[in-house]
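Just so you know, we're using this note's numbering here: the sequence shown kicks off at 5 and counts up by one.
Mixed in with the good hints, there may be bad ones.
[Unchecked claim] Cross-link-like lysine-lysine pairs, in silico, DSS-like; alpha carbons within 27 Å at most:
1. K215 x K229
2. K229 x K116
3. K26 x K229
[What the hints assert, rightly or not] What follows is a list of derived Cβ distance ranges for each label pair:
4. L204 x L143: 37 to 43 Å
5. D17 x R39: 52 to 58 Å
6. P82 x V211: 45 to 51 Å
7. S76 x E252: 42 to 48 Å
8. L169 x R80: 16 to 22 Å
9. E11 x P54: 26 to 32 Å
10. R80 x M37: 54 to 60 Å
Read the hints as simulated data drawn from the structure, not as lab findings. What you are looking at is a predicted structure, and each value in this text was computed from that prediction instead of being measured. For each residue, glycine too, the CB sits at the ideal point set by N, CA and C.
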Amino acid sequence: GKETTIELAQVVDEVHADDAGKRDLLLDRDELMLRHGRLSFPHADEQGCPDGLALTSWATTQVCQRLNVPASYFKRCPADLQDEQFNYWIDHMGSNGHTHAPKAERWLLRAKDDTLRGVLTERYACLDNRDVLSTLLPLVEPHYQVGWYALTEESFHLRLLDPRLAREVLPRDRLVAGVHLANSEVGKRAVTVDAMVYRLVCSNGLVRLVKGSSLLHQRHVSWSKPRFEASLRQAVHEALVHGVGFIERMSWATTMG
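Kindly produce the complete structure, drawing on both the sequences and the hints.
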């Protein structure tokens with residue numbers, strides 16, 4: 005995460021830079037093999053990874069979910085034992101009641117350079133960080149500020165503040181309404197939008213509004229840009245309305261006190 009002042013354009017640049025080396029492979033499950041702890045598949049050398057793909061911790065967890073193997077146990081195993089278990093269970097999927105996966109199942113492998121970031125089914129609809137940002141940017145007013153953001157292998161978080169929607173509820177204690185947007189490109193979370201209030205007096209700045217559920221919860225299944233844009237626009241608007249309402253209630257409570 006970044007604590008220093010940053011422009012939204014810089015966030016966009018970082019997200020685009022992070023895309024370098026990313027690619028998706030849709031492969032039959034039966035073509036996959038674990039060799040020396042790395043996922044190998046036919047024509048891997050043509051994909052620039054002749055030694056296969058090294059699995060992130062999250063990708064390993066997803067593989068274990070697909071194979072119905074306890075991830076905490078699998079991760080403790082030495083590489084040769086991991087190879088043996090992966091290759092055994094991938095051959096035995098769909099039999100002996102271990103899993104109901106069809107024999108011809110295909111896996112969507114999300115890679116970056118020679119690292120496997122995520123393992124999804126072919127039903128997974130890629131709604132990536134750049135897609136979320138490109139949909140968000142036309143909806144964002146020029147005066148919005150980035151309160152904080154974080155970009156990791158597994159997820160993306162962005163907090164936008166509207167400095168026009170701010171109030172001092174106590175001397176030198178200023179609250180600002182904002183929006184918290186989150187996404188994951190590797191199946192860890194849906195795209196969500198939450199209302200939030202930023203408290204400038206704090207170093208971490210955050211007071212989260214608990215609304216019971218997110219204002220937007222877009223799963224990575226079939227989605228269309230126009231529908232997503234309409235939902236995102238509505239969610240951003242509602243987040244700011246909720247934020248202002250929270251600030252007003254706080255202000256009223258402190259004056260009544």
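With a cut-off of 27 Å on the C-alpha distance, tell me whether K229 and K116 pass.
holds, 25 Å
How does the Cβ-Cβ distance of E11 and P54 compare with 26 to 32 Å: does it lie in that range?
violated, 41 Å
16 to 22 Å as the expected CB spacing between R80 and L169, which holds or is violated:
Given range 16 to 22 Å: violated, Cβ gap about 49 Å.
With 45 to 51 Å as the target window, see if P82 and V211 comply at their CB atoms.
Given a distance of about 46 Å, which is inside 45 to 51 Å, the answer is holds.
Has the hinted range 54 to 60 Å been met by the Cβ atoms of R80 and M37?
violated, 21 Å
For D17 and R39, compare the CB-CB distance with the range 52 to 58 Å and indicate the outcome.
For D17 and R39 the Cβ distance comes to about 37 Å; the hint is violated.
Restraint status (C-alpha distance of K26 to K229 at most 27 Å):
holds, 22 Å
Given the range 37 to 43 Å, decide if the beta-carbon distance of L204 to L143 lies inside it.
Violated - the Cβ-Cβ distance for L204 and L143, about 24 Å, lies outside 37 to 43 Å.
So the hint says 42 to 48 Å: do the beta-carbon atoms of S76 and E252 match that?
holds, 47 Å
Take the C-alpha atoms of K215 and K229, compute the straight-line distance between them, and say whether it is at most 27 Å.
Holds - the C-alpha atoms of K229 and K215 are around 26 Å apart, at most 27 Å.
Figure legend: structure checked against the earlier numbered hints; hints not met, in rising order: 4, 5, 8, 9 and 10.
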